[in-house]
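Visitor: Fit chain B to the known structure of chain A by using the hints.
If you read the sequences in order, they're chains A and B.
Just so we're aligned: the first sequence equals residues 0 to 332 in numbering that gives the first Met the number 0.
Just so we're aligned: the second sequence equals residues 0 to 253 in numbering that gives the first Met the number 0.
It should be emphasised that the hints constitute simulated quantities derived from the structure, not laboratory data.
Even glycine gets a Cβ: it sits at the ideal position worked out from N, Cα and C.
Quick look at which bits of chain A chain B covers, simulated, 3 or more residues with Cβ under 8 Å:
(1) 12 to 25
(2) 45 to 56
(3) 60 to 67
A few chain A positions that, by computed beta-carbon distances, are all more than 12 Å from chain B:
(4) S76
(5) S77
(6) N78
(7) S81
(8) I85
(9) S324
(10) T326
(11) R330
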Amino acid sequence: MRLLFFPLRKHGAFLTLGITFVSLLLLVFVSILLKHAETSEQRLAEFASFDRIATLDTSIQRAYREGFLTIFAMNISSNTSSLYIIQPLARTLTTEIDQRFTHFQTFSIISSQYLATRNTLFNFSSSTLYPLLNHTFLFGKPFNFSYGYLAIDSAADVDLSTLPAYPVSLSQESNAVLLVINQSLDLRIRLTHAFHPAPLSPNPDGEGLVSWDLNQGTDGPQITLTVESSFPNFNSTITDSVFTQTITGEAAHRIFFNYTIAARPIIEIGNFFGGPFDMQTGILIAPFDNDVLLEIEASSPGLTIPPQLYSYDNFNFSIPDTPISKTSNPRIF
Amino acid sequence: MIPSSHRGLIFALDAAIAVSVIVIVLLNTSYYFSTSQQDSLPHLQLVKTAGDIITIMDATGELDTAFLNNALQPAGPFAEIPVTDINLSLYLPRNYRMWLEMADMKETVCALPPCTGDFALTTLPLEKPQNALIQVNLSVIGSSPTLTINTTGPPLTITPLQSGIYTLGQFTFPVGPSSVNFQTNDIDVGWFKILGTAAYAGSTNETLVIPQSNFVGTGEQYFTVTKTANLSSGESPIEGIHRVRFKIWIEGEL
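With the rest of the complex left out, here is chain A (with noise of 0.2 Å):
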């Protein structure tokens, strides 16, 4: 004022000056809060959204390991270097497998609302039953942002305020129940308590025969491996590790595992070793009326990070009208 009215004095002019330039200073450190705090609720707005979404992933995850080791009776557990998988073995094809599974085709994963996606996971014909029966299993570790991944476009504009009122859909996609390997690994793989007293036939007395066919998934460097073993005896207690073999992982390849158990001689159950298992004939894969007990020992010396068993579902969680969304593969255990 003094500059516009009166003479210039210097003292004044400086001070004028100073508080002009003061006040500049304080209106720029206003904008750059401002701007700073519309980020942070935009940065809020997108953790309240993720948040939403991550709890809801957790609890289906939750709720689809409940279920599935319910049915499948598989008891799972870890240290820090092994993955051990231990579930009873059902007998028949045409009782305790089928029943499994009939529950496992009526175990709705999403209550109600996602049938379509649903009948493609659980709808089994026969040729799609085979690696399920034969629970086709890959070993897979942590990845690295948990085990999911979340895309968040950071030039959307979300509003916090209407947060609460989001609805978040969910789809599933899945055709097969799988694990994921990505690193090596030794599988050691073993029955035990195949004590029969008073064995089934077809072969009361006669040797055992177990196939374990390997078979790595399309994503990586294909491996295809069959092992027969043999035990002498089901009226004993099989102990021994019937199959052990290395695993060079490589990240996100599957590692198909599947076995069969027969008795010697081997009786009609198809192209058994070459082709399909041929579900229908319903033949008696596992000659035992006591708890056979299928043991999966999955292990590596150099991992820090347990290995953790996936299923293959994918799980895509989205909030309409923003860029939010996260793929998840359950985890069994």
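Guide: Chain B only, in chain A's frame:
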């Protein structure tokens, strides 16, 4: 030329104006800063608290118990979860209030038993159009049982071998009540429900007034209902997976 006695006045006026500008700027700064921080984080914490409570109740089996106890009750359109099954106040901090809704707890009962032959039943009113499954509780009463259901889309037929609960679908439903057509042979239909819809959900307190002025956090989770079952007789150990939704708020100011 300004008299030297006025220089102080001019200086004071100049300084006052400049200080006013600074004060205005500071007020604006403080306003925007406080606006940006308003309530967002406590809101998140509120929702996370409710999510943790749901997780705990899933782990302790309270959700399973509440659902299975409801299944033991007579079928019908009313399903309020009793406090003896789910007591939210056990987990909630003081002044927190929570409301919980569990899907698939209500049924549309066939009011004219025996429900055989061809007939139609009206659904509970849906809040929005939805593609959903129908669950039917039926009894096989003859040697050639078949059941055909249709709504607005193509019919779906099953041949149930034994009495029990069957899930069919999916079907398309409009807003509000709609008609479901049943064509049966050697089957008596007890009740049906549309899975996964708010209309067929039960809640902890169906008459609770939820405040409009305060922030109300919402969320949902899924849980598996397991039950004891004899596998060898074909009974499934899994009742199903169901959705549980919640609303949580604080009475008074946050």
